[in-house]
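Single-letter residue listing:
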Amino acid sequence: MQSEIKLTPTEFLAVTNQNLEYAFSGVTLEGEVVSFKINQGKWVFFDVKDAGSSVSCFMTLFQLRMPLKDGMKVTVRGVPKVTKWGKFSFTVTAVMPVGEGSLKKSYELLKKKLTNEGLFNVERKRPLPGDLTRLGVVSSVDAAGYADFVKILNARWGGIDVQVAHTQVQGMDAPDQIIRALKYFNERSEVQVIAILRGGGSADDLACFNDEELVRTIAASKIPIITGIGHEVDESLADLAADVRASTPSNAAEMLTPDKRSIKITVNDSVLRVKNVVLNKIESASREKVEKMNQLSRDIKGRIDNYASGLEQKLKILEALNPEGILKQGYAILTGKIFPGDVVKITTYKQEIKAEIKEVYER
Amino acid sequence: MSDKMSLKQKIELLDDKIEWFYSDEFDLAKAEEKYKESTELAKEIEKDLSELKNKIEVLAEDFSK
Chain A
1 MQSEIKLTPT EFLAVTNQNL EYAFSGVTLE GEVVSFKINQ GKWVFFDVKD AGSSVSCFMT
61 LFQLRMPLKD GMKVTVRGVP KVTKWGKFSF TVTAVMPVGE GSLKKSYELL KKKLTNEGLF
121 NVERKRPLPG DLTRLGVVSS VDAAGYADFV KILNARWGGI DVQVAHTQVQ GMDAPDQIIR
181 ALKYFNERSE VQVIAILRGG GSADDLACFN DEELVRTIAA SKIPIITGIG HEVDESLADL
241 AADVRASTPS NAAEMLTPDK RSIKITVNDS VLRVKNVVLN KIESASREKV EKMNQLSRDI
301 KGRIDNYASG LEQKLKILEA LNPEGILKQG YAILTGKIFP GDVVKITTYK QEIKAEIKEV
361 YER
Chain B
1 MSDKMSLKQK IELLDDKIEW FYSDEFDLAK AEEKYKESTE LAKEIEKDLS ELKNKIEVLA
61 EDFSK
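Residue numbers (the UniProt record's numbering), protein chains in the order written: chain A, 1 to 363; chain B, 1 to 65.
Think of the hints as simulated: they come from the structure by calculation, not from any bench. Just so you know, even glycine gets a beta-carbon here, dropped at the ideal spot from N, CA and C. Wrong hints could be hidden among the right ones.
No farther apart than 30 Å at their CA atoms in a straight line, the calculated lysine-lysine pairs in the DSS-like style are these [unchecked claim]:
1) K30(B) to K275(A)
2) K260(A) to K65(B)
3) K43(B) to K292(A)
4) K34(B) to K275(A)
5) K55(B) to K275(A)
6) K55(B) to K183(A)
7) K65(B) to K275(A)
8) K53(B) to K222(A)
9) K36(B) to K222(A)
10) K36(B) to K151(A)
11) K36(B) to K111(A)
12) K65(B) to K281(A)
13) K10(B) to K111(A)
14) K151(A) to K43(B)
15) K301(A) to K314(A)
16) K55(B) to K264(A)
17) K151(A) to K47(B)
18) K264(A) to K65(B)
19) K281(A) to K53(B)
20) K260(A) to K43(B)
With the Cβ distance kept under 10 Å, some of the chain A side facing chain B (calculated, not the full set) [claimed, not checked]:
21) L128
22) G130
23) D148
24) Q163
25) I179
26) S202
27) I263
28) V267
29) V277
Covered stretches of chain B, going by a simulated chain A footprint (3 or more residues, C-beta under 8 Å) [as the list claims (entries may be wrong)]:
30) 5-13
31) 20-26
32) 35-48
33) 57-64
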């Protein structure tokens with residue numbers, strides 16, 4: 001016969017709770033939230049139910065990282081416990097909405113709250129450094145998104161010291177791990193930018209990036225943060241709080257680095273263009289010289305022509321003044337004294353005549 | 001001269017050299033020498049770019065705790 005165990009209520013509850021914790025450590029419930037309420041601004045109470053049963057849940061407001069409302073579908077992680085008043089309760093350590101509808105509702109509620117606080121204001125955004133040499137990455141090294149990022153980063157640029165904080169990027173533990181990684185980088189201040197990366201996934205997979213504490217940690221980071229989470233269409237609250245949002249991890253690598261292939265092309269093109277510039281300048285200088293020579297030649301010719309034309313005029317004048325010309329026109333030159341009885345010489349174009357002066361009188 | 005310069009400094013230097021060809025300071029007598037310098041610097045930049053490698057280190061820190 002089994003011996004009877006006598007325990008005080010306190011001892012009984014302690015043993016019971018010990019057994020419950022041992023049997024259900026890390027149990028997760030999934031169901032719908034009902035009777036959600038917050039007491040004294042500190043304690044959160046709600047039930048998680050399915051079609052047949054309901055479990056009372058309890059947690060601190062501090063642990064509630066995403067807004068909850070009655071009717072939301074959630075995953076709840078915690079430990080079953082019997083309180084000192086003998087009431088069964090599920091002490092929640094983490095809760096996350098699941099399913100598209102609940103996630104969307106929770107997202108909208110938190111977005112509104114944080115927008116009102118100014119967490120997503122454009123004035124808060126800082127630019128990425130132009131000369132990146134030290135980069136912090138927060139991602140899962142096993143994720144495809146991380147591999148894409150590394151591939152594009154290495155193809156585009158080099159000389160960067162990349163420190164990778166390996167964390168989960170989905171699930172209930174992901175937000176705290178990412179927060180720790182962000183704090184790690186911020187405490188050391190060794191990197192110029194932090195990139196939070198995760199490839200595409202379902203709304204449930206990406207839900208961890210809508211965690212309130214994570215979003216606040218991103219907004220409070222001393223080091224600029226770029227996010228590359230999911231695909232173009234996936235917009236998380238982490239994206240909104242980050243300084244720069246890339247549409248994907250690959251896009252984050254593109255935004256962080258210049259492309260060395262295009263720099264090579266630009267460098268070579270600029271040198272080639274210079275070659276053409278020099279050739280054009282040589283051609284232009286040579287054209288200028290030829291033009292100057294032509295102008296000089298035209299000037300000299302003009303001066304010679306002017307001189308020749310002047311000379312011709314003078315020749316014509318000389319020609320006109322030539323006595324032979326005058327004689328040719330029928331005039332004659334008379335030489336000698338012109339007194340009656342004197343003999344004078346008369347020169348015509350063809351003849352020389354001696355004649356005697358008969359009479360001299362005034363005209 | 002450019003051995004001790006960073007890649008960024010080399011690219012900036014090349015930009016300056018290229019700009020000279022388009023500036024009023026351009027002198028045909030010096031153009032050949034300047035062009036030669038620019039070509040050599042461009043080759044150096046291309047070589048530096050080809051040799052650039054990233055150093056990726058996964059931190060030993062355990063962020064799950």
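Hints, one by one, checked against the model:
no. : hint               : verdict
1   : K30(B) to K275(A)  : 13 Å, holds
2   : K260(A) to K65(B)  : 39 Å, violated
3   : K43(B) to K292(A)  : 40 Å, violated
4   : K34(B) to K275(A)  : 11 Å, holds
5   : K55(B) to K275(A)  : 38 Å, violated
6   : K55(B) to K183(A)  : 22 Å, holds
7   : K65(B) to K275(A)  : 62 Å, violated
8   : K53(B) to K222(A)  : 27 Å, holds
9   : K36(B) to K222(A)  : 46 Å, violated
10  : K36(B) to K151(A)  : 36 Å, violated
11  : K36(B) to K111(A)  : 59 Å, violated
12  : K65(B) to K281(A)  : 69 Å, violated
13  : K10(B) to K111(A)  : 46 Å, violated
14  : K151(A) to K43(B)  : 26 Å, holds
15  : K301(A) to K314(A) : 20 Å, holds
16  : K55(B) to K264(A)  : 22 Å, holds
17  : K151(A) to K47(B)  : 21 Å, holds
18  : K264(A) to K65(B)  : 45 Å, violated
19  : K281(A) to K53(B)  : 40 Å, violated
20  : K260(A) to K43(B)  : 14 Å, holds
21  : L128               : 16 Å, violated
22  : G130               : 9 Å, holds
23  : D148               : 14 Å, violated
24  : Q163               : 6 Å, holds
25  : I179               : 9 Å, holds
26  : S202               : 23 Å, violated
27  : I263               : 6 Å, holds
28  : V267               : 5 Å, holds
29  : V277               : 5 Å, holds
30  : 5-13               : holds (count 3)
31  : 20-26              : holds (count 3)
32  : 35-48              : holds (count 6)
33  : 57-64              : holds (count 6)
Hint check: violations occur at hints 2, 3, 5, 7, 9, 10, 11, 12, 13, 18, 19, 21, 23 and 26; the rest are consistent with the structure.
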